[in-house]
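Using the sequences and the accompanying hints, generate a full structural model.
Protein chains: 2
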Amino acid sequence: MPEFFKVMSVDEVKEKIREWFGHLKPEGERVPIEDGLDRVLFEDVISPENLPGFDRSAVDGYALKAEDTFGASEAMPALLEVIGEIGMGQVPAMCLGSGQAAGISTGGMLPEGADSVVMIEDTDLLGDKTLNIYKAVSPGENVIRRDEDIKKGETLLKKGHRLRPQDIGALAGVGITRVDVSRRPRVVIISTGDELVEPAAVPRIGQIRDINSYTLSGLVQQYGGEPLRFGIIQDTYNALFEAVEKGIAEGDMVVISGGSSVGTRDVTGRVIGDLGSPGVLVHGVSVKPGKPTIIASAGGKPVLGLPGHPVSAMVIFGIFGREIINLKLGYRGGSLKVKAVMGRNIASSAGREDYIRISLIENHGQLTAIPVLGKSGLISTMVKARGTVKIPACKEGIREGEPVDVEIF
Amino acid sequence: MPEFFKVMSVDEVKEKIREWFGHLKPEGERVPIEDGLDRVLFEDVISPENLPGFDRSAVDGYALKAEDTFGASEAMPALLEVIGEIGMGQVPAMCLGSGQAAGISTGGMLPEGADSVVMIEDTDLLGDKTLNIYKAVSPGENVIRRDEDIKKGETLLKKGHRLRPQDIGALAGVGITRVDVSRRPRVVIISTGDELVEPAAVPRIGQIRDINSYTLSGLVQQYGGEPLRFGIIQDTYNALFEAVEKGIAEGDMVVISGGSSVGTRDVTGRVIGDLGSPGVLVHGVSVKPGKPTIIASAGGKPVLGLPGHPVSAMVIFGIFGREIINLKLGYRGGSLKVKAVMGRNIASSAGREDYIRISLIENHGQLTAIPVLGKSGLISTMVKARGTVKIPACKEGIREGEPVDVEIF
Chain U
1 MPEFFKVMSV DEVKEKIREW FGHLKPEGER VPIEDGLDRV LFEDVISPEN
51 LPGFDRSAVD GYALKAEDTF GASEAMPALL EVIGEIGMGQ VPAMCLGSGQ
101 AAGISTGGML PEGADSVVMI EDTDLLGDKT LNIYKAVSPG ENVIRRDEDI
151 KKGETLLKKG HRLRPQDIGA LAGVGITRVD VSRRPRVVII STGDELVEPA
201 AVPRIGQIRD INSYTLSGLV QQYGGEPLRF GIIQDTYNAL FEAVEKGIAE
251 GDMVVISGGS SVGTRDVTGR VIGDLGSPGV LVHGVSVKPG KPTIIASAGG
301 KPVLGLPGHP VSAMVIFGIF GREIINLKLG YRGGSLKVKA VMGRNIASSA
351 GREDYIRISL IENHGQLTAI PVLGKSGLIS TMVKARGTVK IPACKEGIRE
401 GEPVDVEIF
Chain H
1 MPEFFKVMSV DEVKEKIREW FGHLKPEGER VPIEDGLDRV LFEDVISPEN
51 LPGFDRSAVD GYALKAEDTF GASEAMPALL EVIGEIGMGQ VPAMCLGSGQ
101 AAGISTGGML PEGADSVVMI EDTDLLGDKT LNIYKAVSPG ENVIRRDEDI
151 KKGETLLKKG HRLRPQDIGA LAGVGITRVD VSRRPRVVII STGDELVEPA
201 AVPRIGQIRD INSYTLSGLV QQYGGEPLRF GIIQDTYNAL FEAVEKGIAE
251 GDMVVISGGS SVGTRDVTGR VIGDLGSPGV LVHGVSVKPG KPTIIASAGG
301 KPVLGLPGHP VSAMVIFGIF GREIINLKLG YRGGSLKVKA VMGRNIASSA
351 GREDYIRISL IENHGQLTAI PVLGKSGLIS TMVKARGTVK IPACKEGIRE
401 GEPVDVEIF
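These protein sequence lines map, in sequence, to chains U and H. With full-length UniProt numbering applied, the first sequence covers 1 to 409. With full-length UniProt numbering applied, the second sequence covers 1 to 409.
Heads up, some of the hints might be wrong.
When chains are identical, the list treats them as one kind, so a pair holds in a single copy or across two.
[Unchecked claim] Taking lysine to aspartate or glutamate and the DMTMM-like style, the derived pairs with C-alpha atoms no more than 25 angstroms apart in a straight line are: (1) Lys129 <-> Glu67; (2) Lys159 <-> Glu15; (3) Lys65 <-> Asp124; (4) Lys129 <-> Glu400.
If you're looking for bench data, these hints aren't it; they were derived computationally from the structure.
In structure tokens form, the structure reads like this:
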């Protein structure tokens, strides 16, 4: 690899990613709303209708004119005439005049002439028709107005929003049964390294099974992409070049999880460098773990060269891979970090972002982050960890008791 | 419904659910690990192997005997003879004697006789064979021991754990390619109410589209179950009874989201009461929203009668439905709540748990929860909300600035 690449900071790289890959636009696909959970909206959703579409009772009781109840109290009830009962899902047949009321259930449509509903608990029916009302209601009370839930023409949901159960319910509510979401970005995952074998194989001594293809596939799924596992590619220039070229043709992005040997790194670096213009954009990031990260662009598609250590590969993909997936999804939301306090002093070198694996302990509602120590080659440290805490480049560590944001892994 | 049911507290009901439905045991099914993300482990996973299985270098450098470097420094380097280079994925051909070293890459296997690795940065190779070492290493330094990542026979993952990307990677690493997970609980979802129509239909005035079937399906998926939407069932005893009976036969649990009218509630209540012993267990919970909740057991299968209001149905299913799904999954983990401070005073009646919809604002790393006001009949309030905050029964409200736990919805 050329030697003139300057090691960049994480924030510089993130900013550059948005610049270099800003052309990665979401592509829409229409899905039934029942398949829409966790998908990202491709377009704003404008409501085609009012919801509920008619004035609707929010309680069980009697529809009436509020003015007929003014001054009503336990001691001096208002007296109204009940002229009928409103059926659910029906347009009321009656029109209320002064001094009249109609029985109504929660969700029932208000009859013409009514402007409010008195709760059944605040009334007494004497015989069939005479209603005592013990509490005054104001106009609009206990009524869901025709456009109170959702207004026709309002922006119900914004593009870039990830659909939750309630969003899908709201779409159903206004009659939208299919929705345009961003196509899942296809992320090609390649593992390389002569020491690697497939998980189903029995490794000979000196060999090791491919872990990164599986951790990275899982992260791609979590971030809303579709993993395309190419498996283990032989550690030669030709084999790797061919695989990456195929990956660029089939995927929106290619991730190569480097074997950890010098030789493999060299081959990976050369292949990425030879994919064409503009080529390698980043070679080396001031972050731990994950310094030897490579980011390139081949025909406008991102190629990410990750370190071979399982922890490094996950952490780096969680920063840069996720950023690229979000671009292609058009995802506008952030990831919610969990607040905790650091349980121990932890040192870090200034000038480098450190990602510390941590477990979480809850005590009296307070979450404490405890560092999980161990080499970044140990997948078990990520299994024991609940997330990571970032130590910014400008800090030389975090003291016990300091508040921290935990990225859940 | 019989009148003798006592309104129970949320915690009482939760405890009772574990008692009444403690017989709901997870059922295992074997899936390929690549389909395992977010599934809950049916059994402990014991590692069949050591990982990495051999002593492995954690860095690029030279394998050697640590004692040969004792006292080495910039001023007084140790001098060793390089007797070869270790190929990746190979069993080293050499055996190191005193004063000897072998080139090794990250991930390479240590040769016999070596107990540590010196980093390449701390050495100088003079000619082909003479190695200057400027820094002493201790035994084991820069080596991942044969069982340092995962030990043969250790419990790698516990039953009841939800699989994350790193867990799947660790399974791959020890050669486990298929894993036993809990079958997804099948949750039958029934909507009833004469005012309801399917989302694809054009409602007549007075009618409204079915929202709850869709919000509840989404929650079931989020909680790890499989929704079986039975759609809108006519609001008659016979139609509903038949649907619920079919639901009990086909599902692990039946959820009826009641139409909101008195008539529908009565029919739902009678049907649930007639399903057989032990029948209705809870009728009324001191919670807002969601007081008219019904929980029954039909042949040991839970039947949950939810209020018709979209917000109430979601909140109540999020409490009790999730609890039952977790039982059937054997899920042991909790849900991580997000810490925030309340942004406004909010009142609540003592003796009743209140669930307040809130949005979240982030400011200088501090999350503030702002109540989203509005009737529980408005799905739009859940769309605007980011989660809920619980006000316990013993409290009469939460003051501005008080810390709260947010359940993300």
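Comparing the hints with the structure gives:
In this homomeric assembly, Lys129 and Glu67 come within 25 angstroms of each other (Cα to Cα) only inside a single copy, at 19 angstroms, whereas the closest approach across copies is 103 angstroms. For the identical chains of this complex, Lys159 and Glu15 are intra-copy neighbours only, at 22 angstroms inside a copy versus 42 angstroms across copies, given an alpha-carbon limit of 25 angstroms. For a Cα distance limit of 25 angstroms, the shortest separation of Lys65 from Asp124 inside one copy, 17 angstroms, qualifies, whereas the shortest one across copies, 95 angstroms, does not. Proximity of Lys129 to Glu400 under the C-alpha cut-off of 25 angstroms is found in neither arrangement, the shortest distances being 72 angstroms within a copy and 48 angstroms between copies.
Hint violations for this structure: number 4 only, all remaining hints satisfied.
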